[in-house]
Amino acid sequence: MFESYEKICTLVKKMEGIRGRKKFQKIVYLAKESGISFNEDFEWNNFGPFSRELASEIDSAKEMNLLSESKSQGEYEYELTEKGEELIQRDEAFNPTQLENLGRLISEIKDLDSQELEKISSIKYLKNQGYKENYMKNFLKSTKDYTEDQINEGEYLLRDISIFDQ
Amino acid sequence: MNKERIIRDSVHSFISFEKNGLINDLIDTDVFQRLKNIRQLGLSYFTYPNAQHTRFSHSLGSFWLAKRVGKKFSMDEEDSKKFSIAALLHDIGHSPFSHVLEGELIDDNHTELTKKIIESEELKISENLEKHGYDPEEISRIIISGTMPKYLHNLISSQLDVDRFDYLLRDSIFTGNIHGRYDIERILHKLKSNENNELFVEKGGWSAVEHYLVCRYQMYKQVYNHSTTLSVEELLKKILKRTNYLYSNASFVPSKIMKPYFENELSIDDFTKISDANILNLVKESKNEDDEILSDLSARFLERNLLKSETIKKKNSSNLFDNKEEILKGIEERDFDTDYYFSKVDSTEKEAYKPYSPNPKDEEEAIYISPDLSKEISEEIESLKEISTPSEFKIFFPEQCREEVRELIN
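As given, the protein sequences belong to chains S and P, one line each in that order. Quick note: the first sequence uses my numbering, first residue 21, plus one each step. Quick note: the second sequence uses my numbering, first residue 182, plus one each step.
In short, the hints are calculated from the structure, not lab data. Because the structure is a prediction, the values reported are computed rather than measured. Ideal Cβ placement from N, Cα and C applies to all residues, glycine included. Please note that the accuracy of each hint is not assured.
Stated by the list, open to error - Straight-line Cα separation of at most 16 Å, EDC-like style, residue types lysine to aspartate or glutamate; simulated pairs: (1) P:Lys542 with S:Asp165; (2) S:Lys152 with P:Glu318; (3) P:Lys531 with S:Glu97; (4) P:Lys542 with S:Glu97; (5) S:Lys152 with P:Asp288; (6) P:Lys531 with S:Asp79; (7) S:Lys152 with P:Asp316; (8) P:Lys496 with S:Glu97; (9) S:Lys147 with P:Asp288; (10) S:Lys52 with P:Glu319.
Claimed, not checked - Stretch by stretch, here's where chain S covers chain P in the computed footprint (C-beta under 8 Å, at least three residues): (11) 189-202; (12) 226-238; (13) 320-327; (14) 490-503.
What the hints assert, rightly or not - Here are some, though not all, of the chain P residues that point toward chain S, as calculated from beta-carbon distances under 8 Å: (15) Lys331; (16) His334; (17) Lys371; (18) Asn375; (19) Thr529; (20) Glu530; (21) Lys535; (22) Ser569; (23) Lys575.
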């Protein structure tokens with residue numbers, strides 16, 4: 021009955037807490053793109069792909085005492101509560117393959133910061149929309165002030181995520 | 182000078198465009214005309230009988246507002262044209278009852294379908310755009326992702342966009358619910374862009390935006406999130422779920438036009454063939470099916486014998502949380518299959534219509550009121566702090582289970 025909450029709680033547990041709402045958004049986006057069954061729809065916004073539904077779910081999970089929220093240095097931090105642990109104790113949110121893939125994805129992107137995750141998820145989103153390389157680069161340079169080097173770096177980071185190779 | 186085509190509109194009085202121009206050509210394609218047969222508010226007419234207005238009139242209204250915004254922003258002429266074309270086409274990917282069909286019979290969401298329809302070589306949209314010198318991909322980018330300048334996309338999809346500006350007024354007029362009527366003229370005068378092409382509202386427009394946000398909140402509560410409408414939507418979802426199940430067991434034969442929807446081979450051409458009437462016909466015909474669940478669900482739809490609902494605030498949801506299995510057991514014990522006679526709707530699911538939240542935690546949700554984007558509207562306008570986004574679950578179940586459900590959730 022609470023599948024979408026089970027999924028985000030499982031993610032927070034695997035991440036051992038998530039620092040930053042932008043990071044939360046981008047990790048779910050990348051997980052969804054790698055075939056893990058998150059159901060939230062993402063749309064383009066000023067900071068790349070963003071899901072209003074996910075933003076509300078995070079707030080709801082806090083309200084239902086599944087996640088705790090604290091704020092330090094301007095960033096929100098999310099941890100799993102006891103009630104959240106209780107919700108996911110049967111580990112039914114994802115099938116075993118998805119759970120394994122989620123673990124693999126997390127191990128590869130866990131240490132990236134919000135800005136890097138914004139960059140790679142933006143590149144991924146625009147590529148999925150069929151943007152040609154040149155247009156994508158010009159678009160990112162103009163709307164996000166990225167340099168050529170920064171975009172190339174983002175593309176390297178994206179290539180390093182092995183789950184997208186499959 | 183080119184002749185004008187003038188359309189009388191219930192919201193904007195008159196909408197006009199060149200008789201021999203691109204807008205006229207786009208409107209007169211069959212894929213755009215199909216929007217005349219798709220209600221803007223889906224099943225809301227179960228609650229508000231006059232909510233029969235269509236995605237066609239809303240699309241025209243959005244186009245008209247985009248045209249006016251283009252003039253107010255003194256946009257470059259070409260940007261202004263692209264913006265109004267994008268506004269006209271922004272809903273072209275909607276199916277009938279899209280909030281119900283997406284997820285049951287359609288895998289793609291309407292944003293993905295919008296892109297496919299605009300760029301498809303089989304349909305006439307891309308042909309017309311190219312004939313008039315526009316790149317279909319660029320138009321779908323303005324709607325879906327972004328383009329330069331930045332505010333073009335934000336004016337189609339943000340807290341202050343022409344889509345919301347139009348549907349709020351239109352839905353208010355056609356439902357007869359006066360709470361959605363706000364001062365659009367003032368907002369249009371005071372909505373500006375800074376040197377980085379980002380949107381903000383000048384001081385003289387703050388009160389009008391405050392009123393607009395209160396209107397949105399009221400419309401969400403009274404129209405978009407109405408329990409009766411949600412109950413009918415859930416019923417239709419269950420009917421489609423059952424027909425899908427029966428089809429996969431060779432026990433249901435859909436009409437020729439609906440068949441591709443059941444076969445997971447939906448081409449964009451198949452997608453654009455159906456309208457509200459095809460779905461309503463499917464329900465009508467399903468009433469006579471041998472399958473008891475399907476015929477009962479369909480009869481309930483046709484006779485407006487809906488599942489009952491209870492609303493549970495999330496902050497008080499621990500009983501629902503702890504007793505979820507008990508609730509389902511009680512329904513099963515009364516011989517109702519919970520796959521078809523129980524639903525839970527989370528307020529997070531109504532995202533398209535979600536009201537504004539004060540002190541947004543995500544920058545994407547903010548409405549800025551200074552050119553340097555340092556101030557957000559709820560920091561300045563006290564009354565907005567009182568608007569809290571409804572955060573709740575609604576559950577739906579057969580009437581026979583009402584007492585027991587109430588005991589378990591309270």
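The hints, checked one at a time:
For the proposed pair Lys542 (chain P) and Asp165 (chain S), the alpha carbon gap of about 23 Å is over 16 Å, so the pair is violated. Simply put, Lys152 (chain S) and Glu318 (chain P) have alpha-carbon atoms about 11 Å apart, close enough for the 16 Å limit, and the pair holds. With a C-alpha separation of about 26 Å, the suggested pairing of Lys531 (chain P) with Glu97 (chain S) is violated against the 16 Å cut-off. Proposed proximity of Lys542 (chain P) and Glu97 (chain S) is supported: the alpha carbons are some 12 Å apart, at most 16 Å.
Of the pairs offered as hints, the one joining Lys152 (chain S) and Asp288 (chain P) is violated, with about 25 Å between alpha carbons and a cut-off of 16 Å exceeded. For the suggested pair Lys531 (chain P) and Asp79 (chain S), the alpha carbons sit about 15 Å apart, so the restraint of at most 16 Å is met. For the suggested pair Lys152 (chain S) and Asp316 (chain P), the alpha carbons sit about 14 Å apart, so the restraint of at most 16 Å is met. At roughly 20 Å between alpha-carbon atoms, Lys496 (chain P) and Glu97 (chain S) are farther apart than 16 Å, so this suggested pair is violated.
Simply put, Lys147 (chain S) and Asp288 (chain P) have alpha-carbon atoms about 20 Å apart, too far for the 16 Å limit, and the pair is violated. With a CA separation close to 26 Å, the supplied pair Lys52 (chain S) and Glu319 (chain P) exceeds the 16 Å bound. A count of 0 residues in the segment 189-202 of chain P with a Cβ less than 8 Å from any Cβ of chain S is obtained; the coverage claim is therefore unmet, three being the minimum. Counting residues of the segment 226-238 of chain P whose beta carbon lies closer than 8 Å to any beta carbon of chain S gives 0, which falls short of the minimum of three for the stated coverage.
Evaluation of the coverage hint for the segment 320-327 of chain P: fulfilled, as 4 residues show C-beta separations to chain S shorter than 8 Å, against a requirement of three. Using a Cβ-Cβ cut-off of 8 Å, 5 residues of the segment 490-503 of chain P lie near chain S, which meets the minimum of three, so the contact claim holds. Interface hint at Lys331 (chain P): satisfied, since its Cβ lies 5 Å from the closest Cβ of chain S, which is below the 8 Å cut-off. Checking His334 (chain P) against chain S: minimum C-beta separation of about 7 Å stays under 8 Å; hint holds.
Annotation: interface hint on Lys371 (chain P) violated; nearest CB of chain S at approximately 21 Å, more than 8 Å. Among the interface hints, the one on Asn375 (chain P) is violated; its C-beta lies about 13 Å from the nearest C-beta in chain S, farther than the 8 Å criterion. Against a cut-off of 8 Å between C-beta atoms, the interface hint on Thr529 (chain P) holds, since the closest Cβ of chain S lies about 4 Å away. With 8 Å as the threshold, the beta carbon of Glu530 (chain P) comes within range of chain S, its nearest partner Cβ sitting at about 7 Å, so the hint holds.
For Lys535 (chain P), the suggested interface contact is upheld, since its CB lies about 6 Å from the closest CB of chain S, less than 8 Å. Annotation: interface hint on Ser569 (chain P) violated; nearest CB of chain S at approximately 11 Å, more than 8 Å. At a threshold of 8 Å, the smallest CB-CB gap from Lys575 (chain P) to chain S is about 13 Å, leaving the interface hint violated.
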